[in-house]
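Number of protein chains: 4
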Amino acid sequence: MTVAPTGPRFADGPAAPVLGGVVPPVCTPLTPEMEVDVPSLERLVDHLVGAGVDGLFVLGSTSEVAFLPDAHRRTVLETVVKHVAGQVPVLGGAIDMATLRVIEHGRAAAGAGCDGIVVTAPFYTRTHPAEVEAHLRQVAAAAPVPVFAYDLPVSVHSKLDPAMLLRLAAEGVVAGVKDSSGDEGGLRALLLALRDEGTSGFSVLTGTELTVDSALAMGVHGVVPGLGNVDPKGYVRLYRHCRAGRWAEARAEQERLLRLFGIVDAGAPARMGRGSSALGSFKAALHLRGIIDCPITAPPQIPLDAAETERVRRGLAAAGLL
Amino acid sequence: MTVAPTGPRFADGPAAPVLGGVVPPVCTPLTPEMEVDVPSLERLVDHLVGAGVDGLFVLGSTSEVAFLPDAHRRTVLETVVKHVAGQVPVLGGAIDMATLRVIEHGRAAAGAGCDGIVVTAPFYTRTHPAEVEAHLRQVAAAAPVPVFAYDLPVSVHSKLDPAMLLRLAAEGVVAGVKDSSGDEGGLRALLLALRDEGTSGFSVLTGTELTVDSALAMGVHGVVPGLGNVDPKGYVRLYRHCRAGRWAEARAEQERLLRLFGIVDAGAPARMGRGSSALGSFKAALHLRGIIDCPITAPPQIPLDAAETERVRRGLAAAGLL
Amino acid sequence: MTVAPTGPRFADGPAAPVLGGVVPPVCTPLTPEMEVDVPSLERLVDHLVGAGVDGLFVLGSTSEVAFLPDAHRRTVLETVVKHVAGQVPVLGGAIDMATLRVIEHGRAAAGAGCDGIVVTAPFYTRTHPAEVEAHLRQVAAAAPVPVFAYDLPVSVHSKLDPAMLLRLAAEGVVAGVKDSSGDEGGLRALLLALRDEGTSGFSVLTGTELTVDSALAMGVHGVVPGLGNVDPKGYVRLYRHCRAGRWAEARAEQERLLRLFGIVDAGAPARMGRGSSALGSFKAALHLRGIIDCPITAPPQIPLDAAETERVRRGLAAAGLL
Amino acid sequence: MTVAPTGPRFADGPAAPVLGGVVPPVCTPLTPEMEVDVPSLERLVDHLVGAGVDGLFVLGSTSEVAFLPDAHRRTVLETVVKHVAGQVPVLGGAIDMATLRVIEHGRAAAGAGCDGIVVTAPFYTRTHPAEVEAHLRQVAAAAPVPVFAYDLPVSVHSKLDPAMLLRLAAEGVVAGVKDSSGDEGGLRALLLALRDEGTSGFSVLTGTELTVDSALAMGVHGVVPGLGNVDPKGYVRLYRHCRAGRWAEARAEQERLLRLFGIVDAGAPARMGRGSSALGSFKAALHLRGIIDCPITAPPQIPLDAAETERVRRGLAAAGLL
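Protein chains in written order, with this note's numbering: chain A, 648 to 969; chain B, 648 to 969; chain C, 648 to 969; chain D, 648 to 969.
Since the hints were derived computationally from the structure, they do not count as laboratory data.
Incorrect hints may have been included.
Stated by the list, open to error - Listed next, the stretches of chain B that the computed footprint assigns to chain A, with coverage defined by at least 3 CB atoms under 8 Å from CB atoms of chain A:
id : segment
1  : 713 to 721
2  : 741 to 754
3  : 801 to 807
4  : 917 to 925
5  : 933 to 939
6  : 946 to 957
Stated by the list, open to error - Computed, partial: chain A to chain D, Cβ under 10 Å:
id : residue
7  : Val685
8  : Asp830
9  : Glu831
10 : Arg898
11 : Gln901
To be verified - Straight-line C-alpha distance at most 25 Å; calculated DSS-like pairs for lysine-lysine:
id : chain 1 : residue 1 : chain 2 : residue 2
12 : C       : Lys880    : A       : Lys806
13 : B       : Lys806    : D       : Lys806
14 : B       : Lys729    : B       : Lys880
15 : C       : Lys806    : B       : Lys806
16 : B       : Lys806    : A       : Lys806
17 : A       : Lys880    : A       : Lys729
18 : D       : Lys880    : D       : Lys729
19 : A       : Lys806    : D       : Lys806
20 : D       : Lys806    : C       : Lys806
21 : C       : Lys880    : C       : Lys729
For glycine and all other residues, C-beta sits at the position ideal for the given N, C-alpha and C.
Looking at chain A on its own, in the form it has when it is part of the complex:
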């Protein structure tokens, strides 16, 4: 596995998970003409890697992957892999409706130099659990790099079956899971089952921004927080507190970040969807912090207006980020 040499931020023994730590899903800065803003993306990468993150996840939901044409996706992959230059592992989302399309994205990501790819269950289709498993097996068989399963019911409208994940983990078909299902009890049961079954070398990452200390206390290996774009140093501190067992400090840091997370509600729900508001607030924050040139999001997302952007600014100020 190509992730292994660079990936592990911490080792629990000979069969450590291939990836752990803080692995932010990287926003995709755009120009007003809706092209990828390469210089801004490079600055964002510097902002994240410079903060001490352990890996990057490009072309995930937070990256607006669903909105980006393939040429944009390629630009993102090439820009980030080249700019990171091996300092940390890079995962690439291979997000599409079904197997053959996902395989193509996976090959593009691996070809661009990603250390692993991230794959959801099929969507748009009406998929049986047996088909989800076939999908992950077929994608993994065709992928030149390790595959991470992406559990994202809010987007794909099905939940990955834990028994299937255990099976694919034990067989080495998938290298890890990014759990954004919000089911913390289920996540913990998975972690315990992996341990009880002696399955090693499998990374469990959580997509939560709000319960990182809990998740690490349960035994997850890494976190993939969208808000980590805005405050990567905060998440790195939080992670290190947890690894060192400083739970009170971790809780205080997590609570500061939780308050900061309030920026995702900046956009009025009467005018726009939750996605527009959350992604718009991340980009507004990156713009206000001087990291990206333009806070625009891809269509058909509704942009934040001036008053909504001001709410983001106040959130940043309250968190000590301006």
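Put chains B, C and D on the given structure of chain A with help from the hints.
This is chains B, C and D only, laid out in the frame that chain A set:
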């Protein structure tokens, strides 16, 4: 609009709908190597056009569009447009997650010669009604050919707002709607509102296979039945009975087709999803009828086994199609 | 079966369905003190029976059954059964979460003199199809009168399995189904399967207000339109047109009723739920027509304000009902 | 508030939450004739109170409240309140579809001597957030004892709005919330907002069985674990470890309980719903441990068979409970 010259199968006056009649969504035959089976696709086109259908819809859900890579999609578009050679209008599905990706598919379809494109609401994303409307407006503004809205909640997990459709119809932004929502009361309210508002030139097509006579009695202009692949002559007869007011004959024909539709349950629900069973049964039927060379469906769909295929064969026999 | 002597409005042979025709779900007029307004309820019964309806369904969703305490329910049952005095059959909803509670309601309804009871799948609970079937069988075994299954996914969050309905129909466990699922294709498949299997004496009623002519053309035996409270004569005319094969007249009448149905949108969606708006508009209409004394709905429903009530008045006027 | 004198198991100052600690939702033992098994229920109460729990919650989902007629509910309330005799506070579920029905249940619970009642959003109805808020306000205004909001989307199909909860908490309308939504990030945001706004005297209880240590670390005041019926001593130990900051011991205890929780999957998903399996396994465990006489659950739930019961027995043995 490019559909107009060839499209209308019937005229209600100077501002007739741009498209009506029987417009089957065309299955995509595949080879065992998962390439588009061009000769089989051409035979399928002949089978449909020869039966007297009024148009073809390629790259819809029944075409396995979600499973097909872009190169496959291009092959389908080029093959069908060329082989049809203007005998009937061809609509092309521009099915993808969000606006910029959909615009690219729409341009490819128009470039290949399609007479219109078919566009759903965004999916995978969490989309606000205002964003759905922005999406359709932006896609229509960028499309060289008329846009038909595709209402498909089972796949995209949102329903198109009727007030929005009326607005887009009145402004001429969209040329029609393909309603696969299953909400017949809502469809009828839409038809009545279009009439009461004097909006003309807007095509209302239904995706139902089972209530075609009802839908035509309500005033829809055309039908897009997946089962029309298997028995296009049946749907053409049904349509003509309805247009001529032969409701008893229409009902008998519809009931025969409803019984034939039982083949979609051939696949065991314990083994596969409804999609695998339905698309697998259509392709098995086309294979058993000698129209396509191979009944295979794209991964990760589960293929019908021999016993399940036998159920399809019996369904065909009972319908007098073998 | 106690329904049989009075029920059939039309006969298709020796084993006619036990109930058919127009069977409105009866609104429950309330006093400002939230008691059942008995004189208003009696006037409403007269309004409906006098219009020529074929049966009454009390304590359904349109009756606000979910909002009414058991004492209110008893008052409704006793008032209506006594006031109807055998002129038409009366069905009583036995709406509650699970079996033992439903059995109690069923006994109360039968004890009050109802000719049949109407029963949904369990709700609030997480119920397996096998449990839904067990529920219907146990309720039917305990009920002194025929049981009608009520298919209402919008409220109970599961759909009745058609194969189960066919089984229960063939065995005589249930006497009919009230289908409010909105799945017209599935309804038609059920009707055809009942016919093909030779199952007789089973009533298929649809809850639609908007596609009554279609449903009757498909073969349903009766309709249960909430809007029938407001314009029972319209639905009786519509039904008679259909039974006589006057499809053009039926369509015109259905379209008039469809326009009238627009009153259900009187309430602003920003202020209230669809239920509040729909039930509030029916009661406002009955109040404006002078049939009930007070348009109030049970808490926590939000009442229509003056402007919203004015929209109902305009809808009535346009339909020729004021 | 009547809970206050007996309720608080720990004090955080002058405005401590009215209730905290371990508050199991009490199973309802039944006889083979489907009556409440009073002696078994009394033994179960002794089992729980003797283990050191801080309160009891009767007539919740785990108590099969949805399945129990009102007379059964009254027997449960009276039996438990009398048998507890003030040793710990008792909450009673007032679970029904809408306001007037819930108010009646609330009065029955208060009349029987409960220290508080637990109330969900309306269900079966289609309810707007404004209607949910009106419902809670009206129920609280009518209730003689404090009201706890019950957030249970899996049963009522809507989630309580956090802003509403904060409003009702600040105004003292509700005394607490039992969160069974599974949204741990949202729960934490609520806890933080309550603290930041200085709202005191409001109890936040979680329904989780699997992340009790995390939830207590975040600041919840109490836990309501269904599995606490089976192993109340385990949850009491877990709670005490957390309150004392013994996080490693807490984690070990939580993981033991998580493994024990595997009994809820004893029932085959092909034969029964998740509810039947979970409630059936709890009762089977209580029967195997000699606490209740009969493991039967109320209809239409499917009972565990011998092999499934054996799985429960093995789970108990592995957890050291036999």
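We went through each hint and held it up to the structure:
Residues of the segment 713 to 721 of chain B lying with their CB closer than 8 Å to a CB of chain A number 6, which satisfies the three-residue condition for coverage. Residue count for the segment 741 to 754 of chain B with a Cβ under 8 Å from a Cβ of chain A: 7. That meets the three needed, and the coverage hint holds. Proximity of the segment 801 to 807 of chain B to chain A, defined as three or more residues with a beta carbon under 8 Å from a beta carbon of that chain, is established by the 4 residues found. Judged by the Cβ-Cβ criterion of 8 Å, the segment 917 to 925 of chain B is covered by chain A as claimed, because 6 of its residues qualify and three suffice.
Evaluation of the coverage hint for the segment 933 to 939 of chain B: breached, as 0 residues show C-beta separations to chain A shorter than 8 Å, against a requirement of three. Residues of the segment 946 to 957 of chain B with a Cβ under 8 Å from some Cβ of chain A number 4, which satisfies the need for three, so the listed coverage holds. Interface restraint check for valine 685 of chain A: the shortest CB-CB distance to chain D comes to about 33 Å, outside 10 Å, so the restraint is violated. Because the closest C-beta pair between aspartate 830 of chain A and chain D is about 6 Å apart, less than 10 Å, the hint holds.
Evaluation of the glutamate 831 of chain A hint against chain D yields a held restraint, the C-beta minimum of about 5 Å falling below 10 Å. Checking arginine 898 of chain A against chain D: minimum C-beta separation of about 7 Å stays under 10 Å; hint holds. The interface hint given for glutamine 901 of chain A is met, as the beta carbon of that residue sits about 8 Å from the closest beta carbon of chain D, less than 10 Å. In summary, the hint linking lysine 880 of chain C to lysine 806 of chain A is not supported, as the alpha carbons are separated by about 50 Å, beyond the 25 Å threshold.
Proposed proximity of lysine 806 of chain B and lysine 806 of chain D is supported: the alpha carbons are some 21 Å apart, at most 25 Å. In summary, the hint linking lysine 729 of chain B to lysine 880 of chain B is supported, as the alpha carbons are separated by about 23 Å, within the 25 Å threshold. Our distance criterion of 25 Å between C-alpha atoms is met by lysine 806 of chain C and lysine 806 of chain B, whose separation comes to about 19 Å. About 22 Å separates the Cα atoms of lysine 806 of chain B and lysine 806 of chain A, which keeps this hinted pair within 25 Å; it holds.
Note on lysine 880 of chain A and lysine 729 of chain A: the hinted pairing holds, with a Cα-Cα distance of about 23 Å set against a maximum of 25 Å. Proximity of lysine 880 of chain D to lysine 729 of chain D is assessed by CA-CA distance (about 23 Å); at most 25 Å being required, the pair is judged to hold. Our distance criterion of 25 Å between C-alpha atoms is met by lysine 806 of chain A and lysine 806 of chain D, whose separation comes to about 19 Å. Restraint check for lysine 806 of chain D and lysine 806 of chain C: the C-alpha separation of about 22 Å stays at or below 25 Å, so the hint holds.
Annotation: proposed proximity of lysine 880 of chain C to lysine 729 of chain C holds, straight-line Cα distance about 23 Å (limit 25 Å).
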